[in-house]
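Asks: Listed below, chain by chain, are the residues.
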Amino acid sequence: MGATFLKHDKSKVILMNKKYFKPWRFILPGLVLGLITLGVPIYQAFENSFYDIRLYRLGSEIFIGLENYMNLWNDPIFLIAIRVTLIFAVGCTVLSMLFGLIVAGFLSSENIRGTIKARFFMAFFIVPFVTTQVVTGVLGRLFIWDAEFGLVNYFLGLFGFGGVEWLTSSELALPVAIITNSWRLIPLALLVFYAALATIPESLIESSKIDGAGEFKIFTNVKLPMIKYHLIFVSLIIFTSAFREFDVIFSLTGRGPARSTNVLSLMVYQQGVSVGNMGYANAIAFTMFLIVAVITIVYMSIFKLGRVGT
Amino acid sequence: MSYKSISRIKEIFKYLVLTFWFLVCIVPLVTLFMASISDTALFQSIPELFSLRGRTFVNYVISFGHGNFLFHLRNSLIIATLAIAVVLMVCTPMAYGITKLTSSKSKNSLIFGVLSTRFIPYVVIAMPLYLLFREIGISGSLFGVIMAHLAMQMPFMIWLMIGFFSGVPNEVEEAAVIDGCSPFQIFFKISLPIVLPGINAAAILAFIMSYNEFLFALFLAGPENRPLTVGIMRYVGGIDVGAQYGVVAAYGSMIVVPIIIFALIVNRYIVSGMTQGAVKE
Numbered sequence: 001m002g003a004t005f006l007k008h009d010k011s012k013v014i015l016m017n018k019k020y021f022k023p024w025r026f027i028l029p030g031l032v033l034g035l036i037t038l039g040v041p042i043y044q045a046f047e048n049s050f051y052d053i054r055l056y057r058l059g060s061e062i063f064i065g066l067e068n069y070m071n072l073w074n075d076p077i078f079l080i081a082i083r084v085t086l087i088f089a090v091g092c093t094v095l096s097m098l099f100g101l102i103v104a105g106f107l108s109s110e111n112i113r114g115t116i117k118a119r120f121f122m123a124f125f126i127v128p129f130v131t132t133q134v135v136t137g138v139l140g141r142l143f144i145w146d147a148e149f150g151l152v153n154y155f156l157g158l159f160g161f162g163g164v165e166w167l168t169s170s171e172l173a174l175p176v177a178i179i180t181n182s183w184r185l186i187p188l189a190l191l192v193f194y195a196a197l198a199t200i201p202e203s204l205i206e207s208s209k210i211d212g213a214g215e216f217k218i219f220t221n222v223k224l225p226m227i228k229y230h231l232i233f234v235s236l237i238i239f240t241s242a243f244r245e246f247d248v249i250f251s252l253t254g255r256g257p258a259r260s261t262n263v264l265s266l267m268v269y270q271q272g273v274s275v276g277n278m279g280y281a282n283a284i285a286f287t288m289f290l291i292v293a294v295i296t297i298v299y300m301s302i303f304k305l306g307r308v309g310t
Numbered sequence: 001m002s003y004k005s006i007s008r009i010k011e012i013f014k015y016l017v018l019t020f021w022f023l024v025c026i027v028p029l030v031t032l033f034m035a036s037i038s039d040t041a042l043f044q045s046i047p048e049l050f051s052l053r054g055r056t057f058v059n060y061v062i063s064f065g066h067g068n069f070l071f072h073l074r075n076s077l078i079i080a081t082l083a084i085a086v087v088l089m090v091c092t093p094m095a096y097g098i099t100k101l102t103s104s105k106s107k108n109s110l111i112f113g114v115l116s117t118r119f120i121p122y123v124v125i126a127m128p129l130y131l132l133f134r135e136i137g138i139s140g141s142l143f144g145v146i147m148a149h150l151a152m153q154m155p156f157m158i159w160l161m162i163g164f165f166s167g168v169p170n171e172v173e174e175a176a177v178i179d180g181c182s183p184f185q186i187f188f189k190i191s192l193p194i195v196l197p198g199i200n201a202a203a204i205l206a207f208i209m210s211y212n213e214f215l216f217a218l219f220l221a222g223p224e225n226r227p228l229t230v231g232i233m234r235y236v237g238g239i240d241v242g243a244q245y246g247v248v249a250a251y252g253s254m255i256v257v258p259i260i261i262f263a264l265i266v267n268r269y270i271v272s273g274m275t276q277g278a279v280k281e
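Protein chains in written order, with this note's numbering: chain Y, 1 to 310; chain X, 1 to 281.
One or more hints might be untrue.
Here are some chain X residues pointing at chain Y (derived, C-beta under 8 Å) [what the hints assert, rightly or not]: (1) Lys100; (2) Met154; (3) Ile260; (4) Asn267.
A few chain X residues facing chain Y, derived, Cβ under 7 Å [unchecked claim]: (5) Pro93; (6) Tyr96; (7) Thr117; (8) Pro121; (9) Ile259; (10) Met274.
Simulated from the structure, these hints should not be mistaken for laboratory data. Every residue, glycine too, gets a C-beta built ideally from N, C-alpha and C.
Chain X with its partners taken away, still in its complex shape (with noise of 0.2 Å):
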């Protein structure tokens, strides 16, 4: 066999690994919405799942109505958007402010914390707080979810914008410094607009973390304030009870469809949030 030849099938040997995993990525997601509008979803063969008969929306229509979906949409999306507002406006000064410190030796350990606080077992701090929630009489409440949600996205987040304001070059607010800005001035003027487009990744990625969220929602959220990922669980049936197949597809569709849109518009953003997040500093 040629050169040639032999590289050309290695080349379409690539190909056929990548587009195996572009398939491993994606059938079970359109499996998921095909079932979704499936009569009745799985209790057919995976060939008559993908054939066109038999298409319906009357499992939209059952999370639409006896599923509450809206209602559970809203709720994620308040938490969601209150634990980033209180993270972000937290969490940008403060990393800005270690990589101010002058002393490596606070400096140093102030990272350590943030780095080894991102991996804390998330039931550490759901359990606790179920427990001390209930005995000061705040139970389910939307403030209780809401720690939680803080407690799990602040280290990693910290530890994303250090990495950002780390790239600042020193000359830039050394210029500021010489021109009288007061730190204040540099930090809102200079250095944030600098590490914008980082910020907006780090959001991103911590608005896709508390949508998707699903234990401290569990332990933590009340009737009046549960999410999507709790109100789906009701559909999916334990060991004794059916499973509703068709309205858990539906439902599931419309949870994940989406954040998987957005996130293949933002997809900049994730790519480059994921890839900070897993640097060593």
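Here chain Y stands alone, though its shape is the one from the complex (with noise of 0.2 Å):
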């Protein structure tokens, strides 16, 4: 099919339109690049679950079917972790929503949102988002969480409380860890928050307001419902991104106190890496993988993610 043909029936071109380009010769090349750089890992990792690894062995490869897996369900470390990991992930979305939304909601009250000061805020708002997540760890670690001399503490003291052990108590290492990745976190719902309450027309809220409706109730009442697949998107983004983070634990606190802070991924890196048993760990990845597998296409087909309408 030419375009010397098309130019004569411009009805056609239309309908023709979208073969003329022969999208696939476009496609294959990415397609190609993201089989390998996706697919060689996830399948070397489902592959390698099944055998015994000793990374200081090599060469000696036994194949042992699930029993990495049977290890698995009899680890308490691994239960724990998968525990700590998903309380990480729900704090970290929980918290990043919520103030996401507060935020995004007085930055895009009248008077603010679209000005100059709004941009000022926004710009600065972002800093967390785009700073290094290990020095957001090490600074968290040496310089804010510090019992002796860190600057959470310092404002406590200014009120009469103070040296809090944050990082060396087990039970407040991983709420600690939750508000530091949060702190990361947050910018990326503030921010979409805010652009998709700025698309709310204008003529709603103002015969809400006629109905008498206050600021708080219009905020919850219209515009919360307005921007609903924000919200799910944003929770989706936010949950997936917490459930596999590393930089950030790994230089906060380690995986401790005690385990405390041991998610799956910092537990892959320590099996795999330190102790050298890679089948195991390559089990754990997974078992990861399978859970954000499962998690993803659940949320996406309840809430028909995309999905394009043609």
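Can you join these two chains into the complex? Each is in its own frame, and there are hints to help.
Replies: The structure is reproduced here in structure tokens:
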């Protein structure tokens, strides 16, 4: 089908337009590269998980079937790690969504949204998001949450509290990790919610006002339902990104104290690289993949994400 | 109280909240910077840290000398630049092709694939690659790090770009078809220039992602190509080894200050990229 043919019949152009592009020629290179960079590691993780592989005796792999998975099931450290990871991911999601909404709500209120003031605030509100994650963790560990010299205890001290052992207490370390990681994720929620709130037509808000609704009520009853899909999608992004978090926790708490912040990502590193039990580490990694896959697919089919209406 | 004074109080409250949040975002980083120019870093109280006494650049001297800052910076830039170059070259046409698919079934499954691979835990990529590269004897190579970065960036970039290309009006391209442009000419001369601002935003975000990345570097980068994020960890110290607060602060400041200034300058692009990336298609 040549362009010369199309020249004569404009109505056919519109119908045939898309076939004319031969889209697969554009897709193929990326698809191949994507399948290699993602497919190879995932398949390797799957395959390795059925073997007993020791990093320091490579070449003497033994096929052991499902033994790695059986061991996982009976490994209390793994079961605790799953719990810690889920608490961490859910905690980060709740905190980020909540603060993202609150700040976006204030930033998009009358007299502020769309002004130079809003743009100034927004420019600085995204700073935590672009801050290198390991620096965030290290900064938290040495300068923010340090029991003796840290910023948080200094401010608490002004009010007569202080001396809290944030990072050396096995009860407080996980909440501290959640707060630190949320500091980094909140900008994402904030930014998307602010943009979404800005698209709500003014007339809708005006009419609610005439009905006598206060600003808070308008926010919860009119504006929030309008940005429902943004809330759902952002919560998925934040949950999965917290679920796989490694950098912040590695540099903030290591895995401790007493494995209280030993999330699955860190356990994979510790088992694989430090202990050298590669088969086991790959089994944990593949389990993580399955958990995320199930959550993502359930989420996406419930909320019909990633489907283009044709 | 009059209506006017209530709304005035409300107004002040709004600014208080926003200013508080501004401080939450900025103060930790200012602390880091102040510590970096302190002789004894944080072995002093917060007020002393923010005073002007005892300022020094010794931590920076150590970071450049013993800390090999420039060497690690070079590696960070090489990794980020190579990753983005490859990603842009393959993802831009791919996203374009996806928007041009006629069968909604293959279109939907490709988009579903792109979206769902975006959420993969990074250790699932890093751990098997670490073993694979050791087995075939190329462990620690730049190639491995780049491959992992591609896996990390591709789904996000394609997702963003599908959004951009879907926004190109059909009429513009149809006009080009009538004028006898080949598909490749249309892509390069018509569609690509239209979505260029979006692609800039995507490239900036990808650069920041790669520059900040630590996990892949830890697993896959050998001594000769370790980026900044690994370089700083030397001074953080384990449980038993003391951390070098001042050097960490200087090193950390030098890692984040350029990226933050960059982010403030290209703020508009980052905002649009982050927003687009979280929009339901």
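Asks: A closest beta-carbon separation below 7 Å is what the hint needs, so does X/Ile259 meet it against chain Y?
Replies: holds (6 Å)
Asks: Is the interface hint satisfied for X/Thr117? The criterion is a beta-carbon contact with chain Y at less than 7 Å.
Replies: holds (6 Å)
Asks: For the restraint on X/Pro93, tell me whether the closest CB of chain Y is nearer than 7 Å.
Replies: Holds. Min distance 4 Å.
Asks: Does the CB of X/Pro121 sit less than 7 Å away from some CB of chain Y?
Replies: With a minimum Cβ separation of about 4 Å from chain Y (threshold 7 Å), the hint on X/Pro121 holds.
Asks: Does X/Lys100 pass the interface check with chain Y, least Cβ-Cβ distance below 8 Å?
Replies: This interface hint holds because 4 Å falls under the 8 Å limit.
Asks: Is the hint on X/Tyr96 kept, meaning its closest Cβ partner in chain Y is under 7 Å away?
Replies: Cβ of X/Tyr96 sits 5 Å from chain Y, so the hint holds.
Asks: Given X/Asn267 as an interface hint, is its Cβ closer than 8 Å to any Cβ of chain Y?
Replies: Where the cut-off is 8 Å and the nearest Cβ of chain Y is about 5 Å from X/Asn267, the hint holds.
Asks: Is the shortest C-beta separation between X/Met274 and chain Y less than 7 Å?
Replies: This hint holds: X/Met274 lies near chain Y, its Cβ roughly 5 Å from the closest one there, short of 7 Å.
Asks: Does X/Met154 meet its interface restraint, that is, does its C-beta lie within less than 8 Å of any C-beta in chain Y?
Replies: holds (5 Å)
Asks: Hey, does the X/Ile260 contact hint survive, CB to chain Y under 8 Å?
Replies: The hint holds - X/Ile260 has a Cβ within 8 Å of chain Y, the shortest such distance being about 6 Å.
Checked against the numbered hints given earlier, the structure satisfies every one of them.
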